[in-house]
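Chemist: The lines below spell out each chain.
There are 2 protein chains.
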Amino acid sequence: MEQLRDLKDDLDIVIPTIRNLDFLEMWRPFFQPYHLIIVQDGDPSNTIAVPDGFDHELYNRNDVNKVLGPKATCISFKDSTCRCFGFLVSKKKYIFTIDDDCFGKKLKVAKKPSGKQINALAQHIKGWSKNLLTPSTPFFFNALYDPFANGADFVHGYPFSLREGVPTAISQGLWLNIPDYDAPTQLVKPLERNTRFVDAVMTIPKGTLFPMCGMNLAFNRKVIGPTMYFGLMGDGQPLCRYVDMWAGWCAKVICDHLGLGIKTGLPYIWHSKASNPFVNLKKEYKGIYWQEDMIPFFQQIVLPKGCKTVQDCYIELANKVKEKVGPLDPYFEKLGDAMVTWIEAWNELNPPPQTAN
Amino acid sequence: MEQLRDLKDDLDIVIPTIRNLDFLEMWRPFFQPYHLIIVQDGDPSNTIAVPDGFDHELYNRNDVNKVLGPKATCISFKDSTCRCFGFLVSKKKYIFTIDDDCFGKKLKVAKKPSGKQINALAQHIKGWSKNLLTPSTPFFFNALYDPFANGADFVHGYPFSLREGVPTAISQGLWLNIPDYDAPTQLVKPLERNTRFVDAVMTIPKGTLFPMCGMNLAFNRKVIGPTMYFGLMGDGQPLCRYVDMWAGWCAKVICDHLGLGIKTGLPYIWHSKASNPFVNLKKEYKGIYWQEDMIPFFQQIVLPKGCKTVQDCYIELANKVKEKVGPLDPYFEKLGDAMVTWIEAWNELNPPPQTAN
Chain A
116 MEQLRDLKDD
126 LDIVIPTIRN
136 LDFLEMWRPF
146 FQPYHLIIVQ
156 DGDPSNTIAV
166 PDGFDHELYN
176 RNDVNKVLGP
186 KATCISFKDS
196 TCRCFGFLVS
206 KKKYIFTIDD
216 DCFGKKLKVA
226 KKPSGKQINA
236 LAQHIKGWSK
246 NLLTPSTPFF
256 FNALYDPFAN
266 GADFVHGYPF
276 SLREGVPTAI
286 SQGLWLNIPD
296 YDAPTQLVKP
306 LERNTRFVDA
316 VMTIPKGTLF
326 PMCGMNLAFN
336 RKVIGPTMYF
346 GLMGDGQPLC
356 RYVDMWAGWC
366 AKVICDHLGL
376 GIKTGLPYIW
386 HSKASNPFVN
396 LKKEYKGIYW
406 QEDMIPFFQQ
416 IVLPKGCKTV
426 QDCYIELANK
436 VKEKVGPLDP
446 YFEKLGDAMV
456 TWIEAWNELN
466 PPPQTAN
Chain B
116 MEQLRDLKDD
126 LDIVIPTIRN
136 LDFLEMWRPF
146 FQPYHLIIVQ
156 DGDPSNTIAV
166 PDGFDHELYN
176 RNDVNKVLGP
186 KATCISFKDS
196 TCRCFGFLVS
206 KKKYIFTIDD
216 DCFGKKLKVA
226 KKPSGKQINA
236 LAQHIKGWSK
246 NLLTPSTPFF
256 FNALYDPFAN
266 GADFVHGYPF
276 SLREGVPTAI
286 SQGLWLNIPD
296 YDAPTQLVKP
306 LERNTRFVDA
316 VMTIPKGTLF
326 PMCGMNLAFN
336 RKVIGPTMYF
346 GLMGDGQPLC
356 RYVDMWAGWC
366 AKVICDHLGL
376 GIKTGLPYIW
386 HSKASNPFVN
396 LKKEYKGIYW
406 QEDMIPFFQQ
416 IVLPKGCKTV
426 QDCYIELANK
436 VKEKVGPLDP
446 YFEKLGDAMV
456 TWIEAWNELN
466 PPPQTAN
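Protein sequences appear in the order of chains A and B.
Remember, our numbering sits 115 above the position in the first sequence when you count from 1.
Remember, our numbering sits 115 above the position in the second sequence when you count from 1.
Pulled out of the complex, with its shape left as it was, chain A reads as follows (with noise of 0.2 Å):
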């Protein structure tokens, strides 16, 4: 298995906030060794505070206007969607993102059931789970979950031929405390907490759409990073909380063409402060009544053989959006051109490697 030479040198963590970040206190052992991409949604004039310490830097949509120009407009606020601009400017070869109420007023680290409190971080690419660094296994369910864990392996009738696996792009991590509900799971279920640690992290099976999770995310950035895109919602637009769905989905199918593999499950974060159901309600309306057709239309579709880079599926997708999902509502033309000039944004900023002649 591949090595890290030493993960400083290879990850970022990106923070979408709008507040102070006093409570990075609380994620210190954790995080101080690493550099941190900060990119403030909201007002940029307001100023905020991150603590002592911590190698950082903060772009605010002003930054974002001056490094993108035009292509900015790809990059929406007031929904978390701009922490993809975070995954754009860095260069790093995995990223660790985290949602700023993770961090809300009952602040807490989760804890493994023996007390331990988890290093979510860590688990998603070092620890011994190594999400990231072991293959994933899209191709056949293991009843002992991921084969690659500690005192696991494949279970009996699992084919040989399909045991290397393919590489892993993308770690989601859960949540304890506050479920990740839409608003009206919250309406319904207001107290509702999630309490259950499972010990587990497992591969989702190719062909099989899952509602991806931005809150405790890392990913391989230099192999699946232009699919990361959060979309154009958020202020203004119709389409709001579905910004980390509407990226997972687009990776998911990218990834089921490629032969890559995605994971979910441990680490744990604690998820403190849920957000208003009322507030949510308002947001996410459109999106609940499109879901039945996006969904549908993201469990259809096929990549043609040609596409062999993820820019490539990336790009085909955008049109498929506008084709297919656009009739829907003149909103899916401007989220596929918006798709298209993210990746324009990506190439931009992330030029391949020259090689000698």
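For the record, the hints were derived by calculation from the structure and aren't laboratory data.
The structure displayed is predicted, hence computed values, not measured ones.
Distance condition first, Cα-Cα at most 16 Å in a straight line; then the derived EDC-like pairs of lysine to aspartate or glutamate:
no.	chain 1	residue 1	chain 2	residue 2
1	A	449	A	438
2	B	227	A	314
3	A	223	A	140
4	A	227	B	314
5	A	337	A	427
6	A	449	A	350
With the Cβ distance kept under 7 Å, some of the chain B side facing chain A (calculated, not the full set):
no.	residue
7	255
8	256
9	258
10	270
11	272
12	295
13	296
14	311
15	319
16	322
17	326
18	406
19	410
All C-beta atoms, glycine included, are put in the ideal place defined by N, C-alpha and C.
Given chain A, put chain B in place with the hints provided.
Modeler: Quick look at chain B alone, frame taken from chain A:
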């Protein structure tokens, strides 16, 4: 949701065995209320002792021949394949089946991390998780696993139109201690034990195969019974140790076609005694070789829309086994024929209810 009348009237426990069932003592508090169907493997002249107080019927090879006549050829022995005879003669709605090596010398019932003994039978059907009584969700992955478990639900981004789910046909429970490894893995990792208690139940997504294990398995016999044929394997056959997996592949393809679900995960049993890896290697080597063809066969098969019943689907599958896998070895012709015989036996012993004219 469907309510149970009285589980006693609806459930049989099927146990294939070659030894005295003194070990049932361990399960007495959990199993005694129910009816046991014991299928004696191997030499019918041996006498199997069953502890007092267990309501049971016991069948040996002679009984199988008597009940099935010429169709008895489809029931193999000496590889726990004979357990499917118990499925055939049962008249109940639910079956729970368990291996007799889950009663090994170091006998114990698996425990939760809290120390409480796990009533595997109840968790498959009754209990908090109600695997068989709550729907499955094969069309979309839910990050919090079974949305019908206590304290869980569908996460944000799960389409509302898919939340009703589909009826659950099969519930596969897992095993602590000795993992269900093939002989090569047993040989390479002789000391590996499964100590990870994963507190989750999940639906295996549509289109994804899994290696079903008969060690701790429950199913709705009225819904999926005719697929639970453990094959022409064991005594005198070239294919051994693929009995439950064969049934699982057939069942999964048919469940996917008919819109039924299969769950895996909780409850755990304690698996005490590893089988001999050298003996297993001899038994398995053809299967290890053939599975590289059998699995693509099951992955690629498409059942015709006209197949509306489990029996229709199974006969179609039997014919396809002969046609597509037959060229691999004449054994698969015989296996396909045995699958047809099994359905004939099933229909004979389980005639459709007479409707009043």
